[in-house]
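Asker: Take a look at the letters that make up each chain.
2 protein chains.
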Amino acid sequence: MDEQSTSMIEELRSRYGRRVSTSKSVLDQHGRDESHHLPAPPDAVFFAASTDEVADAVSLCAAAKVPVIPFGAGTSLEGHVAALRGGLSIDLTAMNRVLEVSAADLDCRVEAGLTRLALAERLAPQGLFFPVDPGADATIGGMAATRASGTSAVRYGTMRENVLGLTVVLADGSIIRTGGRARKSAAGYDLTRLFVGSEGTLGVITEVALRLRGIPEVIAAATCAFDTINDAVDTVIETIQLGIPVARIELLDEVQVRASNRFSGTDLPEKPTLFIEFHGSEAGTADEARAVAEIAETHGGAKFAWATNSEDRSALWRARHDAYYAALQLVPHSKGWVTDVCVPISRLAECLVETKRDLEGSLLQAPIVGHVGDGNFHVAMLIDPDDPDQVAEASRLNQRIIERAVALGGTCTGEHGIGAGKIAYLEQEHGPAVEVMKVVKAALDPHSILNPGKMFRDIS
Amino acid sequence: MDEQSTSMIEELRSRYGRRVSTSKSVLDQHGRDESHHLPAPPDAVFFAASTDEVADAVSLCAAAKVPVIPFGAGTSLEGHVAALRGGLSIDLTAMNRVLEVSAADLDCRVEAGLTRLALAERLAPQGLFFPVDPGADATIGGMAATRASGTSAVRYGTMRENVLGLTVVLADGSIIRTGGRARKSAAGYDLTRLFVGSEGTLGVITEVALRLRGIPEVIAAATCAFDTINDAVDTVIETIQLGIPVARIELLDEVQVRASNRFSGTDLPEKPTLFIEFHGSEAGTADEARAVAEIAETHGGAKFAWATNSEDRSALWRARHDAYYAALQLVPHSKGWVTDVCVPISRLAECLVETKRDLEGSLLQAPIVGHVGDGNFHVAMLIDPDDPDQVAEASRLNQRIIERAVALGGTCTGEHGIGAGKIAYLEQEHGPAVEVMKVVKAALDPHSILNPGKMFRDIS
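Protein sequences appear in the order of chains A and B. The numbers in my numbering rise by one with no breaks, and the one at position 264 of the first sequence is 353. The numbers in my numbering rise by one with no breaks, and the one at position 180 of the second sequence is 269.
Chain A with its partners taken away, still in its complex shape (with noise of 0.2 Å):
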């Protein structure tokens, strides 16, 4: 740490006292995330109570020209959080009040470090929830930074579609509002969407304002097993192009579903194996149910197997977002490298069948989950990330993999971002338009006090 680091810090320090640490043990927690990339600690961590707090720090940090690094739940795939370059960790978790909620509207606006089941708790009380939803309970803020999307997304859309503003902290400290509580605008650039999907690379959000939905009617679950993946995926492609509205469509494969009876206790046939979800009237549910049965049927799937009471219902979702941690279960002392690819579905089929050739021929166990209603899957690649075989061998696969999925029109990540681990991808799968992002972080953070070393080499 230089001396202007730790000058800044201890100005920080007389200011907030103990929320600033600079333990070890707070300082490696902060460094990393629940992947295979490899951990790097700030030089300190900052637990932020306020906007007018964060604002605050990152004014210090920028006139001494430190790193500033969001942390939410630690809960991404990509090395987001680890402060590659040293500086500051502006801990958010604190911040984690339900500021409005508008049962009217159907919106509220929540802090940044509130957590997406503390979330879905309170909002149920009132008929309410928010549809966004990826495995791990990670705060708001951080699936805002990360355009983090989940099982939903088919019906409900991503984080791009359910944010409808943000008060985002700059590089300068300076606070601004971006949106606005109107169902649609065309009030000047779309400063929401610039940021959602930043990355903590353009400002640190603070707050978010959501959109949200009325608890359906009827909600019906039922997973459905078939003999191969791709009977499984062409199911999910005829109802998709069918437009019938699952809510959910959910692939695991075979080697995921022994991985998650095994950890969440389900008792399901080892095989590809489809979680459904359908939202609405009796009618409506039962129609849509009828028809996907029947799609299934002729793709040689067996009869559903229905989650009759709501306890059964959130077993099943329940195991599906543990997947990544019974995943991780199958080889001791395994971190994961988790791919993301998302294709147009009409290519998913061709995709999915050939990652599953590569991974067949492969020494690592790397089970399957999709959220293949939006042509999105993820292998999660166990590795032991000190094991140089087992990196080239996961580093391969993803590249193989990745430039697959690009060749059909897809992109490298559906829902986990670039951070530090895609940022060559980023530039095959956009070309020339990386060049015009840079740009903008450039203008947006002259001195690349954000989060530096994620989503672009290293601005100079």
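Heads up, a few of these hints could be off.
Taking lysine-lysine and the DSS-like style, the derived pairs with C-alpha atoms no more than 27 Å apart in a straight line are [what the hints assert, rightly or not]:
#1 K113(B) / K154(B)
#2 K113(B) / K154(A)
#3 K154(A) / K527(A)
#4 K527(A) / K392(B)
#5 K360(B) / K392(B)
#6 K154(B) / K527(A)
#7 K113(A) / K154(A)
#8 K392(A) / K360(A)
#9 K445(A) / K360(A)
Read the hints as simulated data drawn from the structure, not as lab findings.
With chain A's structure known, arrange chain B on it following the hints.
Answerer: Frame of chain A; chain B shown alone:
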């Protein structure tokens, strides 16, 4: 025109011959839109035939620091196409090809100069439609540039939700492609949504990739008349709050109904009226229609008058789309000054009723139509732009309506954009965030050649 502009235009003419025009009638036609804003003809018009040609022209303009104004159908309402600083209007209407349609992935890619009705004609035989439908037969590029919406946004979203990607010529003449065909992506900054709604101030949009929908099995449309505007709006609010997925729900006040009956030959009771449409299955649409009819009844609405066949339905929506042209006929030789506020749905009744009260005390004729399911409505104030009293009165009402909407948590423009007309209101609505927009603008267009005088006060 200065010497540099003159020689630049001569150079362009040497390359493209008669597709570069300086004829007075062509210049006049390209300097005005459909609104009350005073026209400002460009120095020349270039009828471009390809993205490369646009890039070539913009490169010449960049070298000579000559303003560039993209031109589509000229149907904007805030003076977007007026050449306030002179320069080159680039007319994109010859770029009207459909480049690709994928029924399997429900997407397409078109050139920016294609109009929405021409696209609809191309898609219908494949059972597809594109849901964004402003009143005018605008170009798809213009719709993207102004973040347009229309009558179906309540169900299907606006250009923000329905543009998958863009080809854009930047201020230096370079070409980028943004977005992609995957349904979601977390790869980098959301440049697509940065350019959507940027009104030609960040680049010239030359191609647009769109998300499409399958034409629903059943389409059912009806009108319903009410005694008061309040009753009509309360019906809308309850419908939206109950989450009934109406495909369209539009309000015409009694003044507009009278205008439309006269212009479009409809025969509607001259009362505040909702135009409503349902999309879905036989059972689903019947359920929804019953539910909305019940709500309307509790608010004193008349029985639904159904447009029973597809010709009646088309006539109904053509009348709705022609509302502005019908309004203009109420006052011979008038121009329209059209407001465009959008508020959270719970504040819509209050906002509309108070606006109506303002209008009752005014000398101007001013029918109201609204995309009320989104909380968005238009007051078309019919004025003689050469009469300072009428202009002053329209300006006063406009200010009252916008300030009320913003105070209620709304926006000064739901779908028309800022253009030259709402620069001060953008500042009122977004405060310090406008400075961030200007930083982005300056970074991407350092010499301010792209549609200068729009969205922001001059950037020196």
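Asker: Are there hints from earlier that the structure breaks, and if so, what are their numbers?
Answerer: 2 and 4
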